[in-house]
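Take each chain as given, in its own frame, and dock them per the hints.
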Amino acid sequence: MKQLARRRSLAALALCSPLILLIVCLKIYPTFYAVFLSMLDRKMNNFVGFDNFAFMISRPSFQLVIFQSVLFAVTAVILKAFLGFVLAHLMHNIRGRNERVWRGLLLVPWVIPLSLSTLTWWWLFDPSYSAFNWTLNMLGFEDIAFLGTVWNARLSVIAVNVWFGAPFFMIMYLAALKSVPEQLYEAASIDGATAVQRLFFITIPMMRNIILITVLYSLIVTFADFDIVRILTNGGPQDGTHLFATYAFVVGIQSGNIPRGATVSLFMFPILATLAFFVLRDVMKRNKEMA
Amino acid sequence: MTRNILSKREATRRKVLKFGAAASVLPWVHVRSAKAAGTLSIFLWDHWVPATNATARQQIAAWAERNKVEVKLDFITSQGNQTLLTINAQAQARRGHDIITIANWNVRDHADKLEPVDDIVGRLIAKHGATNDVANYFGREKGKWLAVPSSWGTQNKGPAGRISLFKEHAGLDLQKMYPTSPTETPESKEWTMDAMLKAAEAMFKAGKPFGIGMGTTADSVDTWGSILASFGAEMVDSSGKIQIRSAAMRQAIEYCQKLIRFLPADAQSWDDSSNNRALISGASSFIYNPPSAWAVATRDAPAVAQDVWHLAPPAGPKGRFVPHNINFWGIWQFAQNKTAAKDLIEYLMQEELVDARCIASMGYDLPPYEKLTQSKAWDDIGPPKGTVYNYPVRGWHGAKTHVAHAPAPAEIAVQIYNRGTFPTMLAKLKAGETIDQVITWGNRELEGFL
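Chains G and Z, in that order, are what the protein sequence lines are.
Just so we're aligned, residue 5 is where the first sequence starts under this note's numbering, counting upward by one.
Just so we're aligned, residue 14 is where the second sequence starts under this note's numbering, counting upward by one.
Treat the hints as calculated values from the structure; they're not laboratory data.
One should not assume that every hint holds.
Stated by the list, open to error - Residues on chain G that point at chain Z, a partial pick, calculated with CB under 7 angstroms:
(1) R63
(2) P64
(3) Q67
(4) P131
(5) A135
(6) L151
(7) N238
(8) P241
(9) D243
(10) G260
What the hints assert, rightly or not - Distance windows between CB atoms, simulated:
(11) M48(G) with P420(Z): 20 to 30 angstroms
(12) N141(G) with Q319(Z): 25 to 35 angstroms
(13) L8(G) with Q105(Z): 39 to 49 angstroms
(14) V115(G) with S194(Z): 42 to 52 angstroms
(15) A219(Z) with N102(G): 54 to 64 angstroms
(16) A67(Z) with I217(G): 49 to 59 angstroms
(17) R457(Z) with Y189(G): 50 to 60 angstroms
Ideal Cβ placement from N, Cα and C applies to all residues, glycine included.
Chain Z on its own, in the form it takes in the complex (with noise of 0.2 angstroms):
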């Protein structure tokens, strides 16, 4: 605004003493409390669970009255990639929402752009407990928090199976083994990567094959990102070094190659939906997926849905990592109203409205905060009654959560992410090429990324 009015008037002496006078006036007006009324825009995500808009817009309703703020809510959906398209419009353009919601490698992408939030996120902290891996590893540069770890829309993408199926073909109970409490059992103990390939043997042979995609879409990628870090395997390491021809690689690709004989016949064509359509048709009897599959199941397939539970994936060599996506908030560098935006998200993040919203989206929403993980918001929903009890990664789960290429450097684990290169190697390897051919042609799509 100064640039503008200096550059295109003649500044005279009373013009720029004017103009001082008023900006010396204006922070006090938008600044100094969000009391002071004034406007607020918002971007947030359009929640797969209608219900949850509803109750956010509640929410930011009810502080906008007490603060007496102007607030403009816009819910944009992130179908076609309307989400990531806003943002870098807005980024571009530099201007926008006051407050947006950026997801995982966004975040990143736009460091430059977004207004440090140390001090919300440090309070955040202090109250509700350490924030998670994958939160720290998009939320953070160079020592500062470049958005707010949000509940909104984030997810697990752990594992949903099917109670029945598991018990006749596998001979696994899922219930007994996660069960409604927080106790790690000894059948949860044995609940490993050999595990999972015999139950998703059994399941291919009675035929209700695991529904893992080997696609390029998010879903496909998550999935075999955590199963690669449970045998320590890493693309490439944080350093930006290129270790896809280590040991643990190996070890890993051939466990997959194991595992993808057992999936359906056009796993390598499947899409984010896919593997929701799996189990809610009652084709396949377990997928890696936020509960969303299973919420639509209760509407569309009730017996499907009554007949599912969710659990921790499974423990590799190196431990059990559930695939995890994070949205955040964050706020602009050139937006209009920071100190009423620092206050709203401050306010969306209490336990109690967090929990509003988780039970409100049946679960879905996860708080990426320690803490507020030990909430009991997850324990009634149903049914079956308690079925994403274990949803959160629980303390006694043993389980950390997982960004596919995590730890790799995120200019360089966005390029893998995105364009699906191990799932590509997969369906290579499906296709008939060897481990050593899908290893060479997956280094030379790494340099590429360098």
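Here chain G stands alone, though its shape is the one from the complex (with noise of 0.2 angstroms):
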């Protein structure tokens, strides 16, 4: 029995191990490269530690930077969960044909590439000749420089993450809503329980693994965005939008200090990673005590 055990777990390593290789080839590796080269100094010839760090945190435009990066991923995450949340209610009551026809539907920004649905974006934004500000002209309404101040710019580049990853959270809640059993609700209803009761007592308990970790992935997935800011507002106006990856690559690549973008790029890693290790841990106790 147990050489039929270890057999079996050898057969699954070697079937999963194509795709270890991948994520030690395209994730790990990378990882640990980018910490080797965020302690070079700018000709990556000399090792200086975490002197590259300890600069950047000391930089005011890159102490604003964190709290743009920090506005727009919180912000964001928080609009697409809570729609995402209402969304997937909606769904769960359309029953038959339609359900389908709205889900497809709904899940369409999520499946075009971000950065043809931002170009697409961009061009209702635009500057000079904004599709929105045609329309608000055509009403007697005022231009509204959406791109133009820093706030605006600021709330169209979350307006756009949400528009995207909304429907991915939708999806999430709504196969966490079908898995709830009716017979809870049956049972509640029986006790007289109010709709708000039967959210706060029943729907919300029992999606709450899935809530973190989906809220989870998506903040580190938000926190890393690049296209949207890249090509809506490439950093600007002032500065005034630029997220962790944009500004890596604006200080790694463009202006060619490679270490100092890896450490930009960095930035974020243990703060997340101690946020993703206790809401995982939060997530396997919990299916513990289910089990």
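Okay, structure coming up:
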């Protein structure tokens, strides 16, 4: 029996090995290489320890990037989670053929390549020829400088991220909703629970794991966002929309300081890794309790 | 190759002798002459004007045929920073094309990985005259040429204005100012920063504002950089000292503060395509750009194209400075076929070949050598005929080519350039900050670049 189990786990390892190899080559090696790079000087000849990190944190422009990245990621994830939750409930209550049609339509933003859809948004927001402004003008309103002022630009990039990411939350929450046993709702109705009580005492607790994992995943991906800001604002106006990834690109690739670029891109790694550790620990603990 | 073979296998005396003999023969195969065949891989920047790619391909094929060299030619677009990423990837991997197209700051970034090319550039200078200031700034380090200044995609980003609109609203005849003849006209002498400010105001009032951006992309940075230079203002001087609080800088910022009042309301969010679109759509009367905007207009808005004239920039207290971006042809130190690479680069920089590519590119490609800019290649290009006659810096323009934030040390200037520090200062001014506030902000940024 033991031999069989060992053979099965060996087979599993063999089957997983292509994926493990890919992860090692494309994720783990680049991560460690980036850590190594971040500890070199500009010419990549001398080891400087954590000097690059200390330098970056002391720069006001980088402090602004930290603020903007946190604002962007946290706001966008909250909005995506909320919208996804609402949409999932709406979808859950649509029955029959229409459900599939609506579900397909709502997934469209998520399946279009982000760079292409962001270009479309750029045409809508474009400083001089904005389709939104054209519509506003037709209705007798003044132009809005969507990308022309710092806060308008920040809200615009957040809006595009929410538009793109909300369907992912919707589909995950919809799957979670469908797995909640109907009997729980029936029992609650018999006990006289209101809709709000059913939401807070049945739906949300039953969806808790999926909510946590989705939020964590989305937070990591949103912190690493590059395309939207790069295409819509290039970090401007007045450096008001730079995120870690876009700033790392400017510092590392465009300005030829790869170690500092690596430093910028690694900045959130310890914070997100810690967050991931606690969230995943909570999820596993809860799974054990339920089992 | 030597290290791998000797390290991976047991190095017996026989093997070492065998390898030594082979190594002594190898240079005869590849190095003695390009005619000795072999393979050469080339990465050319994918030209905006497709016909230019075809011309270059024909020229290279002719060379390859004559020299019996197998050529692998890749055109790589700069869209999405593909050229930049390719160069960085090859530099990291220590593998790549034999010849690369490498622009501006990247030459200095990879100085330690590029093969010195003093021999080729020396001969080209002897033949074609001196290289321009920007070529010297980027291409030389410690007295050595790191790459060959090329005309491939090299550009000026000087002014292009609408003939009819300038006549009607600003009272300036652009064709009379800069005619298609080698003469410095009285009108061109009066083309100063003050004259540009007046014209900008007139055009703004006429609803055809100047299309100068205040974003952080290259066109904005280059335009404002040339204006700074014409006031003698430097963010950082050649010794690496911050000069943002100088009198010249304040004077330049005061001028810019007046000028930005007459720019489009959204200019702070413009990118490199915004000014092109502004001219082509007819919304703007004047931009700083290579003739690519005009070239696209010949196809998409022929009436606008017919009305566009390229001219030298206005003069400031310290002169006229034309924004200039340059492409080099470089050879990696780890290239496989350096001799053939040098031979081909020198061949491609012969006058008739440079002219042919220039004409194919509708005048876009500028050779960064003094004598080559006197070519007749630009004379007949139009419509209107002669529109790009004054696009190269001509001797009688009294202008110099310039890249924003030179002569600061390249490793500092590249950061000021790519971060768009000066346009950002102007965007802050426009948002209501005072000159002192933006100088303080700029100073803090510059401290971080040293």
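Comparing the hints with the structure gives:
Hint status for R63(G): holds, given a least beta-carbon distance of 5 angstroms to chain Z, under 7 angstroms. For P64(G), the interface hint holds, since its Cβ comes within 7 angstroms of a Cβ in chain Z; the closest pair sits about 6 angstroms apart. Below 7 angstroms, beta-carbon pairs count as interface contacts, and Q67(G) has none with chain Z, the closest being about 11 angstroms; its hint is therefore violated. Interface restraint check: P131(G) against chain Z, minimum CB-CB distance 4 angstroms, threshold 7 angstroms, status holds.
A distance limit of 7 angstroms between C-beta atoms decides the matter here; for A135(G) the minimum to chain Z is near 14 angstroms, and the interface restraint is violated. Taken as an interface hint, L151(G) checks out: its beta carbon lies about 4 angstroms from the nearest beta carbon of chain Z, inside 7 angstroms. Evaluation of the N238(G) hint against chain Z yields a held restraint, the C-beta minimum of about 6 angstroms falling below 7 angstroms. Checking P241(G) against chain Z: minimum C-beta separation of about 4 angstroms stays under 7 angstroms; hint holds.
Annotation: D243(G) was flagged as interfacial toward chain Z, and the flag holds, the nearest CB pair being 6 angstroms apart, inside 7 angstroms. Interface restraint check: G260(G) against chain Z, minimum CB-CB distance 4 angstroms, threshold 7 angstroms, status holds. At roughly 25 angstroms, the beta carbons of M48(G) and P420(Z) sit within the given window of 20 to 30 angstroms. A C-beta distance of roughly 29 angstroms is found between N141(G) and Q319(Z), which places it inside the suggested range of 25 to 35 angstroms.
A beta carbon spacing of about 47 angstroms between L8(G) and Q105(Z) agrees with the range 39 to 49 angstroms that was offered as a hint. Look at V115(G) against S194(Z): about 60 angstroms separates their beta carbons, and that is not inside 42 to 52 angstroms. Checked against the hint of 54 to 64 angstroms, the pair A219(Z) and N102(G) passes, with Cβ atoms roughly 55 angstroms apart. For A67(Z) paired with I217(G), a C-beta distance near 54 angstroms keeps the hint of 49 to 59 angstroms intact.
Against the hinted window of 50 to 60 angstroms, the Cβ-Cβ separation of R457(Z) and Y189(G) comes to about 59 angstroms, which satisfies the hint.
In summary, the numbered hints that this structure violates are 3, 5, 14.
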